[in-house]
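Chains as they are written, first to last, in our numbering: chain A, 6 to 186; chain B, 63 to 247.
Treat the hints as calculated values from the structure; they're not laboratory data.
Any given hint could turn out to be false.
Heads up, simulated EDC-like pairs for lysine to aspartate or glutamate below, C-alpha to C-alpha not over 16 angstroms straight-line [stated by the list, open to error]:
(1) B:Lys-70 / B:Glu-80
(2) A:Lys-124 / B:Glu-226
(3) A:Lys-166 / B:Glu-80
(4) A:Lys-124 / B:Asp-99
(5) B:Lys-129 / B:Glu-80
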Amino acid sequence: MIRIDFNRLRFLVIDDNAHMRRILRTLLHSFGTREVYEAEDGASGLEAFTHIIPDIVITDWVMPIFDGLELTQMIRQPGANANPYVPIIMLTGYSDKRRVLAARDAGVTEFLAKPISAKALYHRIMNIVVNPRPFIRTSTYFGPDRRRNVNLNYVGVERRKGGKADIIKQQALFDKVKSSA
Amino acid sequence: MAASKSPKPAVARFADHEVITPPHKLGRVVGRGAAEDDPVARAEAALAQLSSQFTDWMNDECEQLDKAREQVRQAGMAVQQREALFRAAHDIKGQAVTLGFPLVAEVAGGLCRLIEETRDPRRIPLALIDQHVDAVRAIMREHARPHADALAAMLTRSLRELSEEFLVREGRDAGDIASPPIAPK
Numbered sequence: 006m007i008r009i010d011f012n013r014l015r016f017l018v019i020d021d022n023a024h025m026r027r028i029l030r031t032l033l034h035s036f037g038t039r040e041v042y043e044a045e046d047g048a049s050g051l052e053a054f055t056h057i058i059p060d061i062v063i064t065d066w067v068m069p070i071f072d073g074l075e076l077t078q079m080i081r082q083p084g085a086n087a088n089p090y091v092p093i094i095m096l097t098g099y100s101d102k103r104r105v106l107a108a109r110d111a112g113v114t115e116f117l118a119k120p121i122s123a124k125a126l127y128h129r130i131m132n133i134v135v136n137p138r139p140f141i142r143t144s145t146y147f148g149p150d151r152r153r154n155v156n157l158n159y160v161g162v163e164r165r166k167g168g169k170a171d172i173i174k175q176q177a178l179f180d181k182v183k184s185s186a
Numbered sequence: 063m064a065a066s067k068s069p070k071p072a073v074a075r076f077a078d079h080e081v082i083t084p085p086h087k088l089g090r091v092v093g094r095g096a097a098e099d100d101p102v103a104r105a106e107a108a109l110a111q112l113s114s115q116f117t118d119w120m121n122d123e124c125e126q127l128d129k130a131r132e133q134v135r136q137a138g139m140a141v142q143q144r145e146a147l148f149r150a151a152h153d154i155k156g157q158a159v160t161l162g163f164p165l166v167a168e169v170a171g172g173l174c175r176l177i178e179e180t181r182d183p184r185r186i187p188l189a190l191i192d193q194h195v196d197a198v199r200a201i202m203r204e205h206a207r208p209h210a211d212a213l214a215a216m217l218t219r220s221l222r223e224l225s226e227e228f229l230v231r232e233g234r235d236a237g238d239i240a241s242p243p244i245a246p247k
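Working from the sequences, and respecting the hints, build out all of it.
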């Protein structure tokens with residue numbers, strides 16, 4: 006059975022609400038994580054991100070100073086910080102299509118709508134760790150590949166230019182673990 | 063832990079984009095474990111232990127909403143006051159279900175929607191804001207009583223009607239009309 010050694014993961018939780026931070030800390034500690042760092046707004050979150058170099062960032066959307074979307078855009082700046090590829094989970098009360106797409110286009114790795122549950126959080130983390138996606142850089146986007154699946158039935162214009170090699174299939178870690186077992 | 067030195071990502075360049083495969087640093091934490099070990103069940107149990115504090119937490123959140131309402135009463139719906147009111151309502155909307163007060167979440171969500179969808183939030187009548195905040199308070203106060211669900215449903219319905227009337231009269235901000243939820247649970 007695939008398991009994550011949470012003990013070796015460092016999380017940064019950014020949320021202006023102390024109760025939500027406490028809930029997240031409780032869940033992450035219960036999964037087995039020891040290192041959970043916290044920040045209460047986008048600005049201190051970015052500062053903490055720079056110093057702590059977390060393995061995974063969990064951020065709220067609505068926060069003072071700058072919000073989770075702006076924070077994501079600041080992190081997804083190649084060359085501007087230690088790890089622009091860090092997985093980012095956007096945890097928010099928003100769940101409508103427009104917001105989900107905006108978060109995706111800002112470079113969020115996983116979207117998690119409140120109310121939070123232990124199961125949903127665990128699955129997002131599992132997906133990040135076991136099935137990492139490559140990053141795409143275009144003139145207008147830098148972030149995880151927004152095409153989660155290859156749709157063989159897709160009919161329409163190929164928007165990415167560059168031929169067949171466009172689609173790079175990354176072997177999921179799950180398959181690697183399975184084949185080495 | 064995060065390493066300071068790391069291998070470079072593999073980059074494949076195409077006509078109008080690059081596909082970058084960063085080193086899979088998190089692969090180091092994947093392994094095999096016993097089937098009986100259930101981290102989700104452990105986390106749910108920890109959350110259940112924490113739940114004795116949830117009513118106090120919800121009361122704190124309601125206090126924040128009340129304070130934000132007071133600020134609006136004194137200074138109007140200027141940007142700072144409006145954002146504080148929205149954040150307080152949005153926090154309740156996001157947490158109330160987890161904290162065991164789903165009926166409160168609906169009313170708080172209604173207040174968020176009102177603020178977000180109105181073309182000019184400064185024109186929202188204070189009475190309508192008061193009604194939402196008072197409804198949140200009332201549902202919290204009455205939540206343990208037998209008629210609480212019916213009261214909450216009645217309040218939610220009438221507030222939705224009042225808000226809808228206002229939004230139709232004032233015109234919605236087209237950019238802020240909520241689209242259907244698509245986020246996976």
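Okay, which hints does this one fail, numbers in order? Those not satisfied are hints 2 and 5.
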